[in-house]
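Asker: Protein sequence lines, in the order shown, are assigned to chains H and Y.
Quick note: the first sequence uses this note's numbering, first residue 1, plus one each step.
Quick note: the second sequence uses this note's numbering, first residue 1001, plus one each step.
Don't take each hint at face value.
Said to hold, decoys possible - Computed Cβ-Cβ distance ranges for the label pairs, DEER-style:
no. : chain 1 : residue 1 : chain 2 : residue 2 : range
1   : H       : G211      : Y       : A1010     : 40 to 50 Å
2   : Y       : F1104     : H       : R82       : 33 to 43 Å
3   : Y       : F1137     : H       : E92       : 41 to 51 Å
4   : H       : K77       : Y       : T1108     : 44 to 54 Å
5   : H       : S2        : Y       : L1199     : 41 to 51 Å
6   : H       : E184      : Y       : F1104     : 50 to 60 Å
7   : Y       : R1273     : H       : G145      : 36 to 46 Å
Stated by the list, open to error - Below, a list of computed lysine to aspartate or glutamate pairs in the DMTMM-like style, where the Cα atoms sit at most 20 Å apart:
no. : chain 1 : residue 1 : chain 2 : residue 2
8   : H       : K77       : H       : E67
9   : H       : K83       : Y       : E1181
10  : H       : K22       : H       : D58
11  : H       : K83       : Y       : E1003
12  : H       : K194      : H       : D218
13  : H       : K83       : H       : E67
FYI, nobody ran anything at the bench for these hints, they're computed from the structure.
We put the beta carbon where it would ideally sit given N, CA and C, even for glycine.
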Amino acid sequence: MSVPMVHARGVRKHFGHLEVLKGIDLDVQPGEVVVILGPSGSGKSTFLRCVNHLETVDGGAIFVDGELIGFEASGGKVRHLRKREITRQRREIGMVFQQFNLFPHFTVLQNVMEAPVGVRGAPREQARERAHALLRRVGLEDKAGSYPRQLSGGQQQRVAIARALAMRPKLMLFDEPTSALDPELVGEVLATMKGLAEDGLTMIVVTHEIGFAREVADRVVFMDGGVVVEAGTPADVLDNPSSPRTQAFLSRVL
Amino acid sequence: MKELPEIDVAGAARTRHPLRWVASLVLLVLAAQLVSLLVTNPNFQWDVVGRYVNAQIIGQGIMTTLLLTVIAMFVGVVLGVLLAVGRISENPVARAACGLYVWFFRGTPVLVQLVLWYNLSYLLPEISFGIPFGPEFVSADTNVLITPLLAAILGLGLNEGAYMAEIIRGGLMSVDPGQTEAASALGMSGARTFRRIVLPQAMRFIIPPTGSQVISMLKATSLVSVIALADLLYTVQSIYNRTFQTIPLLIVACVWYLVITSILYVGQSFIERHYARGATRNQPQGFWSFVTSFRRRPMPTPEVPS
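One chain only, chain Y, in its complex shape:
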């Protein structure tokens, strides 16, 4: 029998990847070209960008954009939870109604919905509260009631609700039915099971697409410029319509959108860590242990109370 050679693979040479080197080189050249274009092309008017990027009027536009994003997302999430619960409920009427809502609000352009809410007074000159088909208690002129801000919140929030409903429903369905059974067997009520057992587990699947929705919403708020609400985009438009510095001002808007998006991205990753508790065998790093890891001395992880 042939003697097998004695070999130790510990010092083995690495495999060469010449194609990776070629691809890296091409990308580096392209990146260098891009940087050179940004720096040497005077048409970007970086001085104008620098002048406006901190301007107070831009700040006001950012505040409007953020306010609108937060309120519309809040409306969307609350509505989304209700619609998702409705769509998985045992009540066939609720299921159908919530399904119809999602069908309509996802199926029509959000721009159209915004304009519709803004022009609601054409359809309903007066809005009143009272007993259906009975006496009215309070009524108001629609044109006074529906301000551009309210129209924007209604348009963006109600549309968002339809998308959030589907995201939340998907998250809820991803939780093992055994969890609900175990909670039922312990005598937990349906509401408590939902709040303590199902929703926290569904959050792991709800957070990433919701993060995308927040970023979409941030940019979708720019649509409200059609109903003359002075958000970030509307503000830069109103400036470049006067000064014709279109490109540099659009760059200013993009810079701010990117800054806000980056902050949201970091926030999202911390929320994801929170809801990853117990999802893997390794303990996920919590926010505080991450912050304290920058210090020299090790800090014990504070226990999160339930």
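Chain H on its own, in the form it takes in the complex:
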């Protein structure tokens, strides 16, 4: 088997005295779509933020494409990476946030072009062409000149997806991408994400959308209380959950 895209072993994280992650093991294969479900406070978002080192893990380790995230191990010693190195690692990992976090002072096009031009040093014209292509892909080419606040929530989130894709990430992390949206706008964002999954992008999605998990996920992971309670195919976890905690959760959200 090839190197997993994500390899997490015994990941622990606490905020003060609150232990949020109590040893998470998770492997994600290249091209796989993994959906993480779980009640609020189960640690699923925190785990996602550990994968691109927005949160520093306190124990265990996370590898992305064979590279240890946030740390450096050599000669039997482990050290924190320098900021510059962490920044380099993050370029390979796209992230989409619950609150979109588009740059409000940039137009839609500038939002998508900023990182390729400023971080990767791509030529402006080339980046512009690619940005237009990505906006076309998320169905927003006509909004290139608008500012984010002139768009609906669903449109903003699709721009955020295009912005993340512009860096050609190996892995995409989605942190509750539809939780801040009005119900009628959820569908357009999920459809965009489904398109990415069909194109073979490796994705980890934290969501409450059971329908999306059933339809798109290769594997569903159920987290509660900072541990992975169960994981398996959507059919296994969603239709025949073995743990009573999963059963209780599903009966509440379905």
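Starting from the known structure of chain H, fit chain Y onto it as the hints suggest.
Answerer: For chain Y alone, kept in the frame of chain H given last:
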């Protein structure tokens, strides 16, 4: 059941506001009195005002005032950015040092600071550069080095830095932390995130109080008359000390302060428009579209390159 009447509110009469009429009348009478006082009272000596308002020596004073305002503000803003970054940095020593600086320079009167810099030679007769506690490479007599102009720049600029630091820090803290997270997730460096993402958004909150600071600075420069620097106020003082036309010459100074303040105010509103890009759903009017709106034919808004 009772039938409801058919009514259209489109032609409804307006509510009357008799108190507004009374207040307006009182204000108009007061304004008329003020104008009559200004015109009929010979003690204002408007002819003297008219004679001095364009005088060359006044112009030189204005130039000194403007020069001092621009340089001291520049020092203040640069220092303010550094201090603000220091105060929100992760380095506890930098945080404490920048906090102490702000505490001291905001906590003592700027007049005292000006006099202190002017009289620095009492404390340090000689200023030299070299390795700390080691050999010296260059040294100079403080009295030669610290001219009145330099003392004024140091006094006003270092004091301004403390105020600007707090204004800039407030602006930086008003930017949603999600912006920094999004930039980090895209692999942007800290410096680039600050320059491209955080600072431009913070500017919306930094510009209005900074405009007030510029106007304060313009007037604070008049304090340098205590160290014999010939700014606008010092110049009119030196004239009325000779001619005893105190009131008309002070009016001349006030007229010029008001003129400069008005120009600054207009400039500020254009800078605010620039940094309001994307802040509201309506496109803010840019400088050029505002200028071209005076023409008859409509002009397309030029796209501002990023």
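Asker: All the hints need checking, so say for each whether the structure fits it.
Answerer: Each hint tested on the structure:
Taking 40 to 50 Å as the suggested C-beta distance range, the pair G211/H and A1010/Y conforms, at roughly 49 Å. In this structure, F1104/Y and R82/H meet the distance hint of 33 to 43 Å, their C-beta atoms being roughly 34 Å apart. Take F1137/Y and E92/H: their Cβ atoms lie about 49 Å apart, and the range 41 to 51 Å holds. At about 50 Å, the beta-carbon gap between K77/H and T1108/Y stays in the expected band of 44 to 54 Å.
For the hinted restraint 41 to 51 Å between S2/H and L1199/Y, the CB-CB distance of approximately 43 Å keeps it satisfied. In this structure the supplied range 50 to 60 Å holds for E184/H paired with F1104/Y, their Cβ-Cβ distance being about 57 Å. Distance hint check: the CB atoms of R1273/Y and G145/H are about 18 Å apart, inconsistent with the given range 36 to 46 Å. Under the criterion of a C-alpha separation no larger than 20 Å, the hint pairing K77/H with E67/H is consistent with the structure, at around 16 Å.
Straight-line distance between C-alpha atoms of K83/H and E1181/Y comes to about 14 Å, which keeps the hinted pair within the 20 Å bound. Taking the CA atoms of K22/H and D58/H, the gap is about 10 Å. The hint holds against a cut of 20 Å. Distance restraint check for K83/H and E1003/Y: the Cα-Cα separation of roughly 76 Å exceeds the 20 Å cut-off, and the hinted pair is therefore not satisfied. Proximity of K194/H to D218/H is assessed by CA-CA distance (about 12 Å); at most 20 Å being required, the pair is judged to hold.
Distance restraint check for K83/H and E67/H: the Cα-Cα separation of roughly 16 Å lies within the 20 Å cut-off, and the hinted pair is therefore satisfied.
Checked against the numbered hints given earlier, the structure breaks hints 7, 11 and satisfies all the rest.
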